[in-house]
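Just so you know, the sequences run in chain order Z and H.
Using my numbering, the letters of the first sequence correspond one by one to residues 1 to 96.
Using my numbering, the letters of the second sequence correspond one by one to residues 1 to 300.
Honestly, the hints are just simulated from the structure, not real lab data.
Misleading hints may appear alongside valid ones.
Between beta-carbon pairs, the in silico distance windows are [as the list claims (entries may be wrong)]:
| hint | chain 1 | residue 1 | chain 2 | residue 2 | range |
| --- | --- | --- | --- | --- | --- |
| 1 | H | R243 | Z | L89 | 25 to 35 angstroms |
| 2 | H | V61 | Z | A86 | 30 to 40 angstroms |
| 3 | Z | R47 | H | F143 | 52 to 62 angstroms |
Note that the Cβ used here is the ideal one computed from N, Cα and C, for glycine as well.
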Amino acid sequence: MYFVLTALRAGPLHGHAISKSIKELSAGRVQPSVGTLYGILERLNERGVIIVDREETVNGRNRRYFRITDEGQALVEAEARRMQEAASLVLRPSST
Amino acid sequence: MTAVPQGGTLERRYRALLRAYPRAYRTAHGDELLDVLLESADPGRTVPVPREAWGLLAGGVRSRIVHLATGNPWKDGLHLGVTALAAAQVAALLPYAGALPLWTAASALALVAVLRGWMWAAIPLTLVVGMKAVAIAGGQQIFDLTMLPVYPSHLGDRALFADSDPYVVAGGYAVALAGLGVLAARGRPLRVRSWWWCAAVVAAAWSGPQWMAEESTFPLSLSRMAVEAAAFVLATAGGYLARDYRWALGAGIYLAVASGDLAAHSAELTRQHLAYWAVLAVLALGAAGAPFRQRRHCLH
Numbered sequence: 001m002y003f004v005l006t007a008l009r010a011g012p013l014h015g016h017a018i019s020k021s022i023k024e025l026s027a028g029r030v031q032p033s034v035g036t037l038y039g040i041l042e043r044l045n046e047r048g049v050i051i052v053d054r055e056e057t058v059n060g061r062n063r064r065y066f067r068i069t070d071e072g073q074a075l076v077e078a079e080a081r082r083m084q085e086a087a088s089l090v091l092r093p094s095s096t
Numbered sequence: 001m002t003a004v005p006q007g008g009t010l011e012r013r014y015r016a017l018l019r020a021y022p023r024a025y026r027t028a029h030g031d032e033l034l035d036v037l038l039e040s041a042d043p044g045r046t047v048p049v050p051r052e053a054w055g056l057l058a059g060g061v062r063s064r065i066v067h068l069a070t071g072n073p074w075k076d077g078l079h080l081g082v083t084a085l086a087a088a089q090v091a092a093l094l095p096y097a098g099a100l101p102l103w104t105a106a107s108a109l110a111l112v113a114v115l116r117g118w119m120w121a122a123i124p125l126t127l128v129v130g131m132k133a134v135a136i137a138g139g140q141q142i143f144d145l146t147m148l149p150v151y152p153s154h155l156g157d158r159a160l161f162a163d164s165d166p167y168v169v170a171g172g173y174a175v176a177l178a179g180l181g182v183l184a185a186r187g188r189p190l191r192v193r194s195w196w197w198c199a200a201v202v203a204a205a206w207s208g209p210q211w212m213a214e215e216s217t218f219p220l221s222l223s224r225m226a227v228e229a230a231a232f233v234l235a236t237a238g239g240y241l242a243r244d245y246r247w248a249l250g251a252g253i254y255l256a257v258a259s260g261d262l263a264a265h266s267a268e269l270t271r272q273h274l275a276y277w278a279v280l281a282v283l284a285l286g287a288a289g290a291p292f293r294q295r296r297h298c299l300h
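Pulled out of the complex, with its shape left as it was, chain Z reads as follows:
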């Protein structure tokens, strides 16, 4: 979910673009299946963390573009700070 929200900070994206962005952001470590990705998108949408920005029809198929909300933006930034603080406990220079 963290990577989904991080991907959407760049602007509204559709499912395939989110999937590609997650792969790039995580250097290939995170590659959710389409079923898993859409499960995450539906849950984030239900919680108001993302919303559907617009819908387009491509190749005769509907395509939803998702956008991060202010609440989602605040959430992902708070999570990034929490991880940074946790990482600093291990990675800060030794005082000895």
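Following the hints, put chain H in place on chain Z, whose structure we already have.
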């Protein structure tokens, strides 16, 4: 953008996997998922990637469960409990269909009425079948002349209600009727339930492989236990995934009636009976507690 091939083997196979999702979701978003699946696929690929196939199946089941958790949970939970009782009542009569064709058919019709949400049709059917069942369990005659004891023609090996207390049989039908009455009084349309309940009836009716001592005076069918345990596991999974207590309510109603049957045989219970009850009770408690589990952080 990659050109998405239309109507190929891979598309057909992904479409088949998408059937794991509820129809409403498929109609609204099935093509969108298919679009992403095909865009992500390697050129020339005809077999779905196993990771994607598993993701679709797991996502579909989860989506189905979440879609079921809509509407009034109390009413739907009561309907679930009544459906389970109606299915168990047909399962009890099914092995004796040869001797009691009319009553078995009436019980099956009552189940169909419950599945379709036709409470006003289910009430009289359940009432007359219940009266007949209690009469047979008590060795009485009502409505028509029945040769007692009633022996099975298939699926079972013991006489009908040979091990059942008439009060317990009456209690099961009374709970079902009370539930039907409440649902009928509420008046609003009920969810149409799956025909899979009919498959559960056949499995529960079978006396199953021998697993209890032959001298046991209150044998439990292994197949019936398997069906009940599977249904209770689904109830727990439903409560966990959807954070909804409707499945716990249905399981609780069924467990209360099943416990009454065990309590009536308290002097004859073995460790196997107690283990059976404990499994159902633990699963029912799991279903009751799962909706109230602590909500994890939104991003985890």
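Honestly, which of those hints from before does the structure not fit?
none
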